[in-house]
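Per my numbering, residue 105 is the first one in the first sequence, and the count goes up by one each step.
Any given hint could turn out to be false.
Stated by the list, open to error - In silico BS3-like links for lysine-lysine, alpha-carbon gap of 25 angstroms or less:
id, residue 1, residue 2
1, Lys120, Lys161
2, Lys122, Lys150
3, Lys161, Lys122
4, Lys188, Lys161
5, Lys120, Lys188
6, Lys188, Lys122
Said to hold, decoys possible - Computed Cβ-Cβ distance ranges for the label pairs, DEER-style:
id, residue 1, residue 2, range
7, Arg116, Arg140, 27 to 35 angstroms
8, Arg189, Arg140, 29 to 37 angstroms
9, Glu191, Ala148, 26 to 34 angstroms
10, Glu173, Leu201, 27 to 35 angstroms
11, Arg186, Ala109, 18 to 26 angstroms
12, Gln106, Arg189, 29 to 37 angstroms
13, Gln106, Ile185, 18 to 26 angstroms
What the hints contain is simulated information worked out from the structure, not anything from laboratory work. The C-beta atom is built at its ideal place from N, Cα and C for all residues, glycine as well.
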Amino acid sequence: MQMFAAMLEEVRRIPKGKVATYGDVATSSGYPGCARQVVWALRAGKGVPWHRVLGAKGHIRLPGEAGLEQMLLLRMEGVEIRGKRVELARFGHNFPLSP
DNA sequence: TAAGTGACAGGCA
DNA sequence: CTGCCTGCCACTT
């Protein structure tokens with residue numbers, strides 16, 4: 105499995121109403137420490153719920169209107185947003201380790 | 001081959 | 001709480 109493919113797969117596993125961080129996606133997809141590569145995957149990936157991926161602490165790391173849209177999409181899925189951040193304790197998706 | 005880039009993470013003031 | 005700095009890794013030029 106290619107790195108990006110694995111990452112995109114993990115992103116697709118995030119259920120509606122939940123979110124995950126770049127680091128979590130990277131780790132659970134088998135590439136710990138490759139949070140930046142998750143960005144690559146998301147940019148290249150199509151048909152993935154990219155809006156469910158946030159930065160550390162549930163911070164939205166998308167600048168400009170894209171961030172606004174992400175916030176909107178998350179809200180529509182039932183994710184509450186406090187100011188500029190999400191409560192990972194409640195909406196963070198617990199990834200099933202896949203070895 | 002080396003240097004630069006990025007929707008990052010974690011530590012520290 | 002915020003903002004700055006460093007480490008990280010795959011990819012491009």
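Starting from the hint 18 to 26 angstroms, judge whether the C-beta atoms of glutamine 106 and isoleucine 185 obey it.
-> With a Cβ separation near 33 angstroms, glutamine 106 and isoleucine 185 fall outside 18 to 26 angstroms, so the hint is violated.
With respect to the beta-carbon atoms only, verify the hint that arginine 186 and alanine 109 lie 18 to 26 angstroms apart.
-> 33 angstroms, violated
Does the Cβ pair glutamate 173, leucine 201 satisfy 27 to 35 angstroms?
-> About 31 angstroms separates the Cβ atoms of glutamate 173 and leucine 201, which means 27 to 35 angstroms holds.
Do the alpha carbons of lysine 120 and lysine 188 lie within 25 angstroms of each other, as the hint requires?
-> The hint holds at about 20 angstroms.
Cβ-Cβ distance between arginine 189 and arginine 140: within 29 to 37 angstroms?
-> 20 angstroms Cβ-Cβ, so the 29 to 37 angstroms window is violated.
With a cut-off of 25 angstroms on the C-alpha distance, tell me whether lysine 188 and lysine 161 pass.
-> With Cα atoms ~10 angstroms apart, lysine 188 and lysine 161 stay inside 25 angstroms; holds.
Holds or violated: lysine 120 to lysine 161, with C-alpha atoms at most 25 angstroms apart = 19 angstroms, holds
Does lysine 161 pair with lysine 122 here, judged by a C-alpha cut-off of 25 angstroms?
-> Distance of about 14 angstroms is within 25 angstroms: holds.
Take the C-beta atom of arginine 116 and the C-beta atom of arginine 140, compute their distance, and say whether it sits inside 27 to 35 angstroms.
-> At roughly 20 angstroms between Cβ atoms, arginine 140 and arginine 116 fall outside 27 to 35 angstroms, so the hint is violated.
Take the C-alpha atoms of lysine 122 and lysine 150, compute the straight-line distance between them, and say whether it is at most 25 angstroms.
-> 19 angstroms, holds
Can the restraint linking lysine 188 and lysine 122 be considered satisfied, given a maximum Cα separation of 25 angstroms?
-> 16 angstroms, holds
Beta-carbon spacing of glutamine 106 to arginine 189 - inside the hinted bounds 29 to 37 angstroms or not | 31 angstroms, holds
The structure fails hints 7, 8, 11, 13 (numbered hints given earlier, in ascending order).
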